[in-house]
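Colleague: Residue numbers (my numbering), protein chains in the order written: chain C, 1 to 287; chain F, 288 to 606; chain P, 607 to 932.
Be aware that a few hints might be false.
[Stated by the list, open to error] Have a look at the derived ranges for each label pair, beta carbon to beta carbon:
{"no.": "1", "chain 1": "P", "residue 1": "884", "chain 2": "F", "residue 2": "416", "range": "51 to 57 Å"}
{"no.": "2", "chain 1": "F", "residue 1": "455", "chain 2": "C", "residue 2": "57", "range": "41 to 47 Å"}
{"no.": "3", "chain 1": "F", "residue 1": "499", "chain 2": "P", "residue 2": "886", "range": "35 to 41 Å"}
{"no.": "4", "chain 1": "F", "residue 1": "323", "chain 2": "C", "residue 2": "172", "range": "48 to 54 Å"}
{"no.": "5", "chain 1": "C", "residue 1": "92", "chain 2": "F", "residue 2": "511", "range": "31 to 37 Å"}
Derived from the structure by calculation, the hints contain no laboratory data. Here a beta-carbon is modelled for each residue, glycine too, at the ideal position from N, C-alpha and C.
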Amino acid sequence: MTAKSTPAGGTAVVRAFFWLPRSARAGALILVVLVIVTLLAPLIAPHDPNAIDPTHVLAAPDLGHPFGADALGRDVFSRTVYALRTSLAIVFASVAVASLAALPLGTAAGYFGGWVDQVISRPLDMLLVLPALLLAITLIAIVGPGSIVAALAIALIYLPILARVQRAASLVVAHAGFVEGGRARGWSSLAVLRRHVVPNALGPLLVQAAILAGFAVQIEASLSFLGLGTQPPTPSLGLMLSEGRDVLTQAPWVEIFPGLAIAVIVLAFNLLGDGLRHRLDPQGMAS
Amino acid sequence: MNPRLLFVLRRLGLTIPVLFVMSVVIFLIIRLVPGDPVRTMLGFRATPESIAQVRAQLHLDDPLWVQYRDWLAGLLHGDFGQDFVSKAPLSELLAQRVPVTLEITLLSMLLAVAVGVPLGVRAAVGGRWARRLTEGFVVFGISVPDFWLGIMLVLVCAGTMMWLPPSGYVPFTEDPGGNLTYMILPVLTLAVAEAAYIIRTTRGAMLGVIGRPFIVYLRAKGTRERSIVYRHALRNAATPIATVIGIQFGVLLGGAIVVETLFALPGVGRLIVTAINQRNYPVVQAGLLVVATLFILVSLITDLVVGFIDPQVSDRGES
Amino acid sequence: MLQINDVRVRIPVAGGRWVEAVDGVTLAVGSGEIVGLVGESGCGKSTLGGAVMGLLPGGAQLSGQVLLDGRDLGGLTAEEYRRVRGNDIALVSQDPSASLDPTFAVGAQVAEAIRNHRDIGRREARERAVELLRAVGIPDPGARYSDPPHRFSGGMKQRVVIAAALANDPSVLIADEPTTALDVTIQAQILHLLRDLTVRTGTGVLMITHDLGVVAQVCDRIAVMYAGQVVEQGTVRDVFADPLHPYTRALLDSQPAAHHRSGDLPVILGQVPDLTDPPAGCRFAARCARVHDRCTTAPPVVETRGGGRVACWLHDALPPVAQEVS
Chain C
1 MTAKSTPAGG TAVVRAFFWL PRSARAGALI LVVLVIVTLL APLIAPHDPN AIDPTHVLAA
61 PDLGHPFGAD ALGRDVFSRT VYALRTSLAI VFASVAVASL AALPLGTAAG YFGGWVDQVI
121 SRPLDMLLVL PALLLAITLI AIVGPGSIVA ALAIALIYLP ILARVQRAAS LVVAHAGFVE
181 GGRARGWSSL AVLRRHVVPN ALGPLLVQAA ILAGFAVQIE ASLSFLGLGT QPPTPSLGLM
241 LSEGRDVLTQ APWVEIFPGL AIAVIVLAFN LLGDGLRHRL DPQGMAS
Chain F
288 MNPRLLFVLR RLGLTIPVLF VMSVVIFLII RLVPGDPVRT MLGFRATPES IAQVRAQLHL
348 DDPLWVQYRD WLAGLLHGDF GQDFVSKAPL SELLAQRVPV TLEITLLSML LAVAVGVPLG
408 VRAAVGGRWA RRLTEGFVVF GISVPDFWLG IMLVLVCAGT MMWLPPSGYV PFTEDPGGNL
468 TYMILPVLTL AVAEAAYIIR TTRGAMLGVI GRPFIVYLRA KGTRERSIVY RHALRNAATP
528 IATVIGIQFG VLLGGAIVVE TLFALPGVGR LIVTAINQRN YPVVQAGLLV VATLFILVSL
588 ITDLVVGFID PQVSDRGES
Chain P
607 MLQINDVRVR IPVAGGRWVE AVDGVTLAVG SGEIVGLVGE SGCGKSTLGG AVMGLLPGGA
667 QLSGQVLLDG RDLGGLTAEE YRRVRGNDIA LVSQDPSASL DPTFAVGAQV AEAIRNHRDI
727 GRREARERAV ELLRAVGIPD PGARYSDPPH RFSGGMKQRV VIAAALANDP SVLIADEPTT
787 ALDVTIQAQI LHLLRDLTVR TGTGVLMITH DLGVVAQVCD RIAVMYAGQV VEQGTVRDVF
847 ADPLHPYTRA LLDSQPAAHH RSGDLPVILG QVPDLTDPPA GCRFAARCAR VHDRCTTAPP
907 VVETRGGGRV ACWLHDALPP VAQEVS
């Protein structure tokens with residue numbers, strides 16, 4: 001396990017990095033770079049992502065516009081950088097919300113079982129009745145489109161999946177010897193949960209969250225592409241792909257680069273998730 | 288009683304509450320819209336008279352359970368309500384739209400299974416190159432977003448080389464050849480990611496089966512390697528494969544929404560998206576209802592198929 | 607009949623090393639004869655069975671000669687060997703629950719054994735399979751033909767496996783611990799079934815087992831294996847009455863039946879040698895109660911004694927000096 005609380009936090013991060021399998025290191029590295037790029041977006045982007053430039057309409061990539069320019073002469077590179085920022089923010093928010101909700105729900109369902117499990121798991125199973133994208137669209141149909149709704153919709157899709165994984169992991173830990181030992185020593189349920197169950201059951205949840213984060217990028221892009229996610233003028237990868245369709249044959253760069261960006265993030269999260277799975281979830285509880 | 292019949296009945300029994308809950312959720316969509324849904328639907332055309340008229344038309348003033356009862360009774364008689372914008376009966380609209388979505392999803396699944404299962408088997412029992420190539424394809428298929436793949440396919444096959452129509456549709460009954468030509472790119476777009484998942488699942492399941500003792504015993508009987516792999520091992524691996532196909536069908540239904548929009552295909556998915564943007568709630572409800580029902584039916588069929596492939600499943604009576 | 611001549615099997619293990627799992631085994635199984643191959647787990651007896659079946663794990667190296675009815679199986683192509691398996695040599699393995707394909711009807715699995723080797727139609731194969739199921743004692747075989755394996759008990763499943771194995775009247779049957787996974791009450795039934803069927807058809811059986819009780823019940827001859835080598839073989843009567851090799855004696859002494867609750871069973875102290883680096887002399891030397899100088903320096907020579915053979919310096923016919931000269 002990583003030792004995040006050691007005095008030298010920096011070395012712990014480095015150690016955690018090398019503790020990962022090699023392919024997962026590549027994924028982690030890509031994600032770190034992307035996060036830095038999006039955090040420093042104003043410094044890295046050469047242009048204002050929304051600045052319209054009539055002299056550069058559909059300009060091919062060159063030094064000033066490394067990814068070319070779109071139908072309004074906006075710099076595709078700058079827009080991609082800012083869109084990444086939007087996408088990653090939505091992804092992290094949705095996965096964090098879903099994980100934080102799934103943690104107590106899944107733990108309680110797995111640890112206590114019985115009617116607690118029934119009360120928690122049955123309604124969550126009902127969320128799995130609709131295909132993922134359809135569930136998101138249903139929520140959007142009710143509340144209306146937007147970035148925050150998209151993030152909530154993705155969180156809603158992921159909640160039952162993550163809760164199920166956490167439930168399975170807690171179930172296993174709950175019957176492990178050291179937990180029985182804690183109970184025998186007369187600790188309260190909460191103390192047993194906090195000190196033993198949660199720390200030991202966390203691995204599969206983390207793995208599942210990493211894998212789902214990759215697909216969250218795709219779902220967010222799909223929703224924006226359909227006009228149901230992030231709304232203009234905020235740059236988003238799905239919107240850029242939707243707008244670029246009309247000029248596809250004249251200016252393919254408008255489509256190619258944002259799409260590549262999505263593929264790279266999904267790949268990075270997948271590599272990281274698979275690597276984490278090898279280390280944290282050898283029984284394969286996360287799907 | 289015959290264990291198989293019992294299994295089928297039990298699984299059917301499980302489906303009914305699921306259908307019920309799903310119908311309630313979809314029924315509630317319009318009632319959950321923040322503020323007055325009718326005002327939202329009418330937009331600038333909203334006047335006290337028009338609002339009252341639409342409320343009456345949608346029976347929004349009845350008690351909730353009466354509304355649900357009437358709605359459900361209508362559905363059971365094939366009455367899906369009216370398009371709020373065009374006033375056309377939704378059953379006719381759906382009759383045109385559903386076959387399109389079904390055609391795309393079923394063709395994609397067919398292609399993905401036809402390509403994915405044999406490749407997954409090769410990845411499990413074949414040499415190093417078979418394994419590497421399929422692994423590469425899996426990573427590609429899973430990472431690349433489907434609609435972007437569709438756009439790139441249009442760029443290559445329709446734009447640059449002019450092989451195929453970039454978008455459009457003719458019904459199969461009018462022009463079978465033309466219909467299939469329009470289907471090529473959308474189906475490819477959806478099938479790539481599907482095939483990737485099917486390959487990954489098939490490979491994992493086959494590897495698990497190939498290591499089991501009964502495979503050695505089959506060899507000891509002098510069974511041909513081909514028959515061991517495709518008759519015995521594949522049948523034992525079929526449960527996870529069929530399960531994934533069922534789950535992925537739901538993903539396909541979601542993907543169809545995007546692909547129909549991308550290729551201008553008049554399916555249910557595009558209908559739903561357009562209706563959401565127009566705040567055309569009756570259409571949204573009817574569309575979601577159809578797609579969700581399809582998904583639930585596919586899950587049911589998947590479980591029944593699994594039960595029939597693997598007698599242990601149906602004998603246990605679980606699902 | 608089956609003739610195994612100086613067969614050696616090396617299996618690769620981690621670190622580029624090899625385990626000499628079977629080291630120079632010579633053994634014969636005659637027509638209608640049941641030969642018990644006895645030893646502790648890990649002594650190489652199942653690997654020897656795999657070598658005869660042509661089903662060694664990937665990477666394993668085989669040398670020596672395996673003759674089946676005079677035909678050398680060593681030079682066969684994969685397809686030629688497939689035609690031998692299940693036809694001329696058959697296998698009944700340890701766990702019947704693991705041997706049968708759980709998704710196929712038991713009858714179909716017997717019919718498959720027939721159709722793998724004979725060009726006959728489905729219906730004919732089915733009729734023959736029903737007959738075989740009847741012959742191994744499955745009640746109402748016509749109706750139970752279509753049942754999946756999990757609806758049968760362990761003993762019934764092993765009967766199905768035996769039916770499939772004997773479907774094509776093989777010359778030799780390898781029975782690898784055929785009763786170990788079964789209830790004690792069923793074990794004797796299965797053993798006697800095997801014996802009755804094979805004696806009738808003249809099929810020779812190589813009965814791989816760790817249980818001397820099994821050997822006593824059904825075998826004609828016995829071969830005792832230790833650490834990859836056959837240390838003693840002979841008729842069951844001779845070997846049980848007068849075991850020549852100290853290991854055979856120790857095995858017989860550790861059988862519960864020999865002591866009738868008269869206190870603790872004697873155990874063989876020590877451990878099996880590391881077969882990635884076998885000792886220079888006798889492999890049993892480190893655990894042998896009667897070890898002496900020669901045992902640790904050179905491997906014992908196989909000597910013929912009566913109808914049997916033994917590999918032990920205690921029974922060396924020649925004086926040590928003459929041995930070194932030859």
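Colleague: Has the hinted range 31 to 37 Å been met by the Cβ atoms of residue 92(C) and residue 511(F)?
Modeller: violated, 53 Å
Colleague: Quick check: does the Cβ-Cβ distance between residue 499(F) and residue 886(P) fall within 35 to 41 Å?
Modeller: holds, 40 Å
Colleague: Please test the hint of 51 to 57 Å on the beta carbon pair from residue 884(P) and residue 416(F).
Modeller: violated, 38 Å
Colleague: So the hint says 48 to 54 Å: do the beta-carbon atoms of residue 323(F) and residue 172(C) match that?
Modeller: holds, 50 Å
Colleague: Return holds or violated for the Cβ distance of residue 455(F) and residue 57(C) against the range 41 to 47 Å.
Modeller: Between residue 455(F) and residue 57(C), where Cβ atoms are some 27 Å apart, the hint is violated.
When the structure is compared with the earlier hints, violations turn up for hints 1, 2 and 5 and for no others.
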